[in-house]
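Q: Please work from the sequences and hints to get the whole structure.
Chains as they are written, first to last, in our numbering: chain P, 9 to 182; chain E, 25 to 411.
Hints are not guaranteed to be accurate.
Claimed, not checked - Calculated pairs, DMTMM-like style, for lysine to aspartate or glutamate (alpha carbon to alpha carbon, straight line, at most 25 Å):
| id | chain 1 | residue 1 | chain 2 | residue 2 |
| --- | --- | --- | --- | --- |
| 1 | P | K23 | P | D168 |
| 2 | E | K411 | P | D131 |
| 3 | P | K89 | E | E312 |
| 4 | P | K128 | E | E97 |
| 5 | P | K89 | E | E97 |
| 6 | E | K338 | E | E97 |
Just so you know, these hints were derived from the structure itself, not from any lab.
Single-letter residue listing:
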Amino acid sequence: MGLMTSGALRKGPLKPVGELLNYSRKYSLWMFQWGLACCAIEMGVALAGPRYDVMRLGVIPFPASPRQADLIVISGTVTDKMAPAIRRLYEQMPDPKYVISMGSCANCGGPYWDSYSVTKGIDQVIPVDVYVPGCPPRPEAFIQAIVMLQERIQHEDPADRWQGKGWEPIVVGQ
Amino acid sequence: MTAFDVDPKLYSPLADSHLNVELDTGDMVLNIGPQHPATHGTFRLVVRLDGERVIKADPVIGYMHRGYEKLTEYRTYPQVTTLINRIDWLSSFANEVPFIAAAEQLMGIEAPPRALYIRTILTEMARISTFLLFLGEMGLQVGAITPAFLGFRDREYPLNLIESATGGRFHPNFNRIGGIKDDLPWGWIAECRNTMRKMLDSCDIFEDLVLGNPIFQARTRGIGIIPAELGAAYGVSGSNIRASGVDWDLRRDGEPLLPYNEIDWKVWTHQDGDSYARYWVRLQETRESARMILHLLDQMPSGPIMAKVPRIIKVPQGETYVAAENPLGEMGYYIISKGATGPFRVKIRTASFSNVSIMPWLLQGIYVPDVITVLASLYFILGDIDK
Numbered sequence: 009m010g011l012m013t014s015g016a017l018r019k020g021p022l023k024p025v026g027e028l029l030n031y032s033r034k035y036s037l038w039m040f041q042w043g044l045a046c047c048a049i050e051m052g053v054a055l056a057g058p059r060y061d062v063m064r065l066g067v068i069p070f071p072a073s074p075r076q077a078d079l080i081v082i083s084g085t086v087t088d089k090m091a092p093a094i095r096r097l098y099e100q101m102p103d104p105k106y107v108i109s110m111g112s113c114a115n116c117g118g119p120y121w122d123s124y125s126v127t128k129g130i131d132q133v134i135p136v137d138v139y140v141p142g143c144p145p146r147p148e149a150f151i152q153a154i155v156m157l158q159e160r161i162q163h164e165d166p167a168d169r170w171q172g173k174g175w176e177p178i179v180v181g182q
Numbered sequence: 025m026t027a028f029d030v031d032p033k034l035y036s037p038l039a040d041s042h043l044n045v046e047l048d049t050g051d052m053v054l055n056i057g058p059q060h061p062a063t064h065g066t067f068r069l070v071v072r073l074d075g076e077r078v079i080k081a082d083p084v085i086g087y088m089h090r091g092y093e094k095l096t097e098y099r100t101y102p103q104v105t106t107l108i109n110r111i112d113w114l115s116s117f118a119n120e121v122p123f124i125a126a127a128e129q130l131m132g133i134e135a136p137p138r139a140l141y142i143r144t145i146l147t148e149m150a151r152i153s154t155f156l157l158f159l160g161e162m163g164l165q166v167g168a169i170t171p172a173f174l175g176f177r178d179r180e181y182p183l184n185l186i187e188s189a190t191g192g193r194f195h196p197n198f199n200r201i202g203g204i205k206d207d208l209p210w211g212w213i214a215e216c217r218n219t220m221r222k223m224l225d226s227c228d229i230f231e232d233l234v235l236g237n238p239i240f241q242a243r244t245r246g247i248g249i250i251p252a253e254l255g256a257a258y259g260v261s262g263s264n265i266r267a268s269g270v271d272w273d274l275r276r277d278g279e280p281l282l283p284y285n286e287i288d289w290k291v292w293t294h295q296d297g298d299s300y301a302r303y304w305v306r307l308q309e310t311r312e313s314a315r316m317i318l319h320l321l322d323q324m325p326s327g328p329i330m331a332k333v334p335r336i337i338k339v340p341q342g343e344t345y346v347a348a349e350n351p352l353g354e355m356g357y358y359i360i361s362k363g364a365t366g367p368f369r370v371k372i373r374t375a376s377f378s379n380v381s382i383m384p385w386l387l388q389g390i391y392v393p394d395v396i397t398v399l400a401s402l403y404f405i406l407g408d409i410d411k
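A: In structure tokens:
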């Protein structure tokens, strides 16, 4: 961990080690599914369904708890009653951790932008890496989000991520 | 002797003598959810246990409350259709139909017969895709992962058809007051016939693979029995009450919103009322829906798909309640209109809310692993409970 956070893996003799590390993290994302609403069905289809099989990209969608997960997918409407639970489980995940916000509801409130009980955007609660627009997004869009996140992991400097330098979210289809 | 009246001698103060304490046989509280795969979303169940047996189960709802009834007051009628698609997100098309029918009743508009036929076909297709997910997922909850993959695979075929007809995989938003948005695309009817035959085959697969499986039968037979009178008193509807032997289906017995009386079909019931019966009834209804679609395609009338409707839709003053048979049960809308472009108040009667209200009674006295199978067999959608 010290090597990663000090940035020693990005330069000098240890650079190949850092790249190997990124490469292996990229293809072994353990994903915690936070299925909330309609998008959860599309996510389930994209992950488990035989038609859009996401396991071929190296994503393991069945960790039993957030403590084993690298990636959390918030798919669906987040209500004010649910938001504290999401924050709590996000904090239980080990670093480095990534967040995909799937669907308009999780991005910004979506069709419930004027509802009294819906949290307008999960980015008020946890930091988001990839936004997937759509209501619900097609499974292809979700798979695109996974691929874009994997590209980011490949070219990422763990030290910068640790310190939050140069960080900005990806928007699928932008 | 049941688990509740054990011999007191077994629990003597000497039971754990090396610690010199009496064993604590108090209740244990187990929290299922709000994020649990068996609950199809964010349903929380607080279960009080004595050993493996449930003493008391309290459902905690509201994690998916999005305030539909308030939001409808700020939307126009066509905008409300977009919202109510998302109440029961598996069968979006079926949600739209009673609302649109209620608005049409208040306005005194009648949709042309071809539009009604297309509505019926798409409603039944929504039913097939909803139930195929159930048929697969119920297998998953008893520990068999193969049916889930089969269910997901076969579900894509009706979704493809819905998408090619309406443009939306999940939320079609296809109904308009006075008809539907578009006519069916070229070649759709032939494709639909082929797919429905495929659906009949896949129902046979589920019947052999799941219903005939001795493990599945052991896990579901005689478990979670809903008596007919009690179920009716709780307001349980749809396949859940038909599995208890009540011969009641709004498609046949309710208001004739859609032309179900013009085709030949059957309401399936089962006498047992347990988890197995609910699976059996849904399987038969999936098959019946596929047959109904084949009948409807044969009799499809030609003609226009929209009635004459004013450009700006204003619904005259009045109130009405229209209910239809959703895949999950009775779904109804009570609309009060004050003559504006949007409704004054909409009360939404959703099926799952009434279906899960029986849960505290139903889960009492059963074992913990059976809680999951009973939850799965009741088949609720969280958006449908919390609204």
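Q: Look at each hint and say if it fits the structure.
A: Evaluation of the provided hints:
The hinted pair formed by K23(P) and D168(P) meets the criterion: a straight-line CA distance of about 15 Å does not exceed 25 Å. Between K411(E) and D131(P), the direct Cα distance comes to roughly 24 Å. Compliance with the 25 Å bound is thereby established for this hinted pair. Simply put, K89(P) and E312(E) have alpha-carbon atoms about 40 Å apart, too far for the 25 Å limit, and the pair is violated. Among the hinted pairs, K128(P) with E97(E) is consistent with the structure: their alpha-carbon atoms are about 20 Å apart, no more than 25 Å.
At roughly 23 Å between alpha-carbon atoms, K89(P) and E97(E) fall within 25 Å of each other, so this suggested pair holds. Proximity of K338(E) to E97(E) is assessed by CA-CA distance (about 14 Å); at most 25 Å being required, the pair is judged to hold.
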